[in-house]
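Knowing the structure of chain A, use the given hints to seat chains B and C on it.
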Amino acid sequence: MKTRLVTALLCLLMPALALAGEYDLTVDRVKIDTGDFVKEGIGYNGKSPGPVMRFKEGENVRINVTNNLDEMTSIHWHGLILPFEQDGVPGISYPGIKPGETFTYEFPIVQAGTYWFHSHSGFQEPDGAFGAIVIEPEGREPFRYDREYVVQLTDKHPHSGDRIMRNLKMMPDYYNRQQQTVGEFFSEASQNGLMDTIRDRMAWGDMRMMKADVEDVQGFTGMINGMGPEQNWTGLFEPGERIRLRFINSSAMTYFDVRIPGMEMTVVQADGNNVRPVNVDEFRIGVAETYDVIVRPKDAQAYTIFAESMGRSGYARATLAPEEGMAAPVPQMRDAARLTMADMSGMPGMDHGDMDHGDMAAQGDMDHSNMSEMDHSAMMAGTSDPFYAKGSGIAPTAANGGKFLSYADLKAQKPLYEEREPTREIELRLTGNMERYTWSINGVKYEDADPIRLKYGERVRFKFVNETMMTHPMHLHGMWSILDVGAGEWNPIKHTVSVQPGTTVYMETEVDAPGQWAFHCHLSYHAAAGMFRKVIVEGGPDSTQAKTEATTEVGGDA
Amino acid sequence: MNLSKLLILASAMSVSATAFAAGAHSDGHGMGSGEPGKASEASRTITVEMYDNYYEPETIEVKAGETVRFVVENKGNLVHEFNIGTPSMHEAHQEEMMMMVEHGVIQGGKLNRDMMEMDMGNGHSMKHDDPNSVLLEPGESQEIVWTFTGKGNIEFACNVPGHYQAGMYGEVNFK
Amino acid sequence: MSRIRSFVAFSLLGSTLLPGAVAAQEMIADTSARKQALTSWGVQFEELEYRYSDDDEELGVWSADFFYGTDEFKVRWLSKGEYAIEEQAYEGLENQLVGQVPISKFFDAKAGVRFDTPEGPDRTYAVLGVAGLAPQWFEIDANLYLSDEGETSAELDAEYELLLTNYWILSATLDATVAFSEDREIGVGKGLVSTETGLRLSYDLVDRAFSPYVGVVHERKYGDTADFAEAEGGGTEDWFAVIGARIAF
Chain A
1 MKTRLVTALL CLLMPALALA GEYDLTVDRV KIDTGDFVKE GIGYNGKSPG PVMRFKEGEN
61 VRINVTNNLD EMTSIHWHGL ILPFEQDGVP GISYPGIKPG ETFTYEFPIV QAGTYWFHSH
121 SGFQEPDGAF GAIVIEPEGR EPFRYDREYV VQLTDKHPHS GDRIMRNLKM MPDYYNRQQQ
181 TVGEFFSEAS QNGLMDTIRD RMAWGDMRMM KADVEDVQGF TGMINGMGPE QNWTGLFEPG
241 ERIRLRFINS SAMTYFDVRI PGMEMTVVQA DGNNVRPVNV DEFRIGVAET YDVIVRPKDA
301 QAYTIFAESM GRSGYARATL APEEGMAAPV PQMRDAARLT MADMSGMPGM DHGDMDHGDM
361 AAQGDMDHSN MSEMDHSAMM AGTSDPFYAK GSGIAPTAAN GGKFLSYADL KAQKPLYEER
421 EPTREIELRL TGNMERYTWS INGVKYEDAD PIRLKYGERV RFKFVNETMM THPMHLHGMW
481 SILDVGAGEW NPIKHTVSVQ PGTTVYMETE VDAPGQWAFH CHLSYHAAAG MFRKVIVEGG
541 PDSTQAKTEA TTEVGGDA
Chain B
1 MNLSKLLILA SAMSVSATAF AAGAHSDGHG MGSGEPGKAS EASRTITVEM YDNYYEPETI
61 EVKAGETVRF VVENKGNLVH EFNIGTPSMH EAHQEEMMMM VEHGVIQGGK LNRDMMEMDM
121 GNGHSMKHDD PNSVLLEPGE SQEIVWTFTG KGNIEFACNV PGHYQAGMYG EVNFK
Chain C
1 MSRIRSFVAF SLLGSTLLPG AVAAQEMIAD TSARKQALTS WGVQFEELEY RYSDDDEELG
61 VWSADFFYGT DEFKVRWLSK GEYAIEEQAY EGLENQLVGQ VPISKFFDAK AGVRFDTPEG
121 PDRTYAVLGV AGLAPQWFEI DANLYLSDEG ETSAELDAEY ELLLTNYWIL SATLDATVAF
181 SEDREIGVGK GLVSTETGLR LSYDLVDRAF SPYVGVVHER KYGDTADFAE AEGGGTEDWF
241 AVIGARIAF
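As you go down the protein sequences, you meet chains A, B and C in turn.
Okay, so the first sequence: first residue is 1 according to the UniProt record's numbering, each after it adds one.
Okay, so the second sequence: first residue is 1 according to the UniProt record's numbering, each after it adds one.
Okay, so the third sequence: first residue is 1 according to the UniProt record's numbering, each after it adds one.
The shape of chain A in the complex, shown without the other chains (with noise of 0.2 angstroms):
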């Protein structure tokens, strides 16, 4: 006990007396290649993505940010939880790091897993402003590997963040090349018959919403760590060996759905919090989420690592392989993803079936007093994952008919907070205008909106209603969002939570962390629409409390 007290002791000192990383980072101009084309973007230290920033749980990090670009910019540490003038938001953290500029961010490193940091400025993270973040945990992690590889994805455009912007509001249908066509019509016609097909176009019509509104952006290529398609980033490993994955989407407005034909993955980490270990054949990795999974090559061939977008109209391409040079096939990508009325059914107006099923399904059928009730064929198909609403069209099924990851299989290892009853709910309708290209929350953009406030201490009940048909990544700055899956204190920890069209996603948050925050939809064109929000914590520990509650932690150790 002694010496627990001692470590205690030493792990308090530890961060205050600048047991400190420093780190460099500089924000440039570079060449972002992506085999398809070549453009110029932004990175950090000469490219795009910038480096992997290795830290340590425990230790004090110093990062000098020097901006080369003719513009403002800004760091956000993605998921870290760290004081709010660190955070890296212009306008809500701080004012940002004007051209030619250092600005030092100082903060503990109180967590380990998989992050990522990118520009809050702009569209500079589209454009290329992002780098992956590793840190190594103080204690042993629950799950073991004999290498690790960042395997961070994006989707790069050949169009600059703001001309996408630009097009997007002229022309909202600018970049969808998978609207429904003439042939299409024919297709259907024939095989669900003249009239019905007819119908279903008229409903469709009639509400001017299109079914093939799955990917606002279309026509970039996918990329993983900085490599497109042709030019297959590859990792090596030797047969038998455990590999970790860290996976970090990164995209501007990407989801990729994750697999690697010929071997199953584990997940062991999702938004860097370690979860308890899924195996599974395939995933859906939301924008700014990461996801680490396990994989165990036991035979001396390649294998693909291919994410191939939601709406099917872009892949990004790797290879793991015992050696370079090596390749595996590449697969084609599946049909192109249509909405369904189901995923309509959460706008205001609508009445296309049960309002109700995205809210059932993350309150009671995932509960565990239930699970012996539960139908288990159509769990292991993957067709009823109660995140998406039922009968949606953008629902995901495993290419190989396994098991595809759903939110319901995230549970914490570990809880990292004691479950109590949520003080008070705070409902946020996703709302927006696809014609007009405008993306608001409970119909109001940002430009015209109030700060979220929340007090000091207390534990908020989220409640997300998609009532648009796309999906949004919801990202709060700061604090964790514990999201809702049914499993009581096992909730995961999240730090930005996907809410499909046509359902209601619940997530709470302790607030525990004083100061102002940024709170947004992760698509960037979305954030820059007007789906984002100020939050102000109230109140807060003042240094005397704090101090008592550190002695208390000690002396109850001891």
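Simulated from the structure, these hints should not be mistaken for lab results.
Bear in mind the structure is a predicted one, so any value in this text is a computation, not a measurement.
Where is the CB? At the ideal position from N, CA and C, for every residue including glycine.
Hints may be right or wrong, so weigh each one.
[As the list claims (entries may be wrong)] Quick partial rundown of chain B residues pointing at chain A, CB under 7 angstroms, derived from the structure:
#, residue
1, ALA42
2, ASP52
3, ASN53
4, HIS163
5, GLN165
6, ALA166
7, GLY167
For chains B and C alone, kept in the frame of chain A given last:
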């Protein structure tokens, strides 16, 4: 729970039980992991602590023919298994364990022992009473006495779904 | 446990380094571009084409739209022209400058002025209109005009796009003008004045920025307007073959 699923489960378990029996008695082929031993013959005691999701220790050394008394303690927050076998035996057993999870026998940190006892027809149950393994709730502890009859590729492993894949296994090295 | 411990450490550190950081009034206000209304602009030539008629008339025609503004208010400059190549004269030339505000989910209201400066007498109009997307994907632009001569008229533009593929697009357009009073000087009779219907097959060659097309256009004058045209020795109906490109940037 419907009947057809029970039948599938029961038949799957009987198949792998046969496989296990075949493995366990195929000494000399280097395929088996050994056999249950008598406590009186145990040369020493090894305490194996189970955490989420790893063992301490992660390697043990034995002599061919040695009988070891294992004291297995679950110090984690989840249900864990300590199972002595070859990698292929573990792989086969993982399918059974998957079914136990799907049928609510293993629920995170809890074991539904009533359901384990339930008669599934054909004289089968989800008892999980093979002599080469123990399945423990958090805080529980149990002993196994095992004789490592011959050298082989033997691991002790937790076959709760995902745990083995995540690295919850240990190596048995023969001196 | 380590996380909780570090968290306490962090609050310790945080509270010593940043005393009073939590006071709301000390926090900055968001004056970044994000908090401003997003301004956007765009240029589109729905038509930029060469027309060749069944009686050998050659025309250069455009219909363009420039906008600048926010979701709440846009300024739009609409320009339409018909240039007779042989005569070297503008048969039609109109420019509208309108302000545009949203009035419903899919429709905007417009108000502004229109200047017609073709060969012959000029006119200035006050414009009041609505534009937007009607059910079943019809793009509608309907306008009321009041001229400086006191004459009133109305115009309806409708367009429907049929996607043969995601790159080959067949678009049908209808443009109809009705006058509520006669304006003899510019050859407009009361009642249905004229229609222009078009069918164009385009291919998106460069994104949606450059889409060449071929098509046919039918122009017809009606009633008194047709009579006025005939009296001046002009035709009342024309068929054109057209070739051109849609442009957006």
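Quiz item: Can we keep the ALA166 (chain B) interface hint, with Cβ of chain A closer than 7 angstroms?
Solution: ALA166 (chain B) check passes; min Cβ-Cβ to chain A is 4 angstroms, inside 7 angstroms.
Quiz item: Regarding the hint that ASP52 (chain B) lies at the interface with chain A, is the smallest CB-CB distance below 7 angstroms?
Solution: Constraint on ASP52 (chain B) satisfied, holds at 5 angstroms.
Practice problem: Could you check if HIS163 (chain B) really has its C-beta closer than 7 angstroms to a C-beta on chain A? | Solution: Holds. Min distance 6 angstroms.
Quiz item: Regarding the hint that ALA42 (chain B) lies at the interface with chain A, is the smallest CB-CB distance below 7 angstroms?
Solution: 29 angstroms, violated
Practice problem: Using Cβ atoms only, decide whether GLN165 (chain B) comes closer than 7 angstroms to chain A, and label the hint accordingly. | Solution: At about 4 angstroms, which falls below the 7 angstroms cut-off, the nearest Cβ of chain A leaves the hint on GLN165 (chain B) intact, so it holds.
Self-check item: Restraint outcome when ASN53 (chain B) is required to lie within 7 angstroms of chain A by C-beta distance
Solution: Holds - the Cβ of ASN53 (chain B) comes within 7 angstroms of chain A, reaching about 5 angstroms at its closest.
Quiz prompt | Proposed interface contact between GLY167 (chain B) and chain A, which counts if any beta carbon pair is under 7 angstroms | solution = Nearest chain A Cβ about 3 angstroms off; hint holds.
When held up to the earlier numbered hints, the structure conflicts with hint 1 and nothing else.
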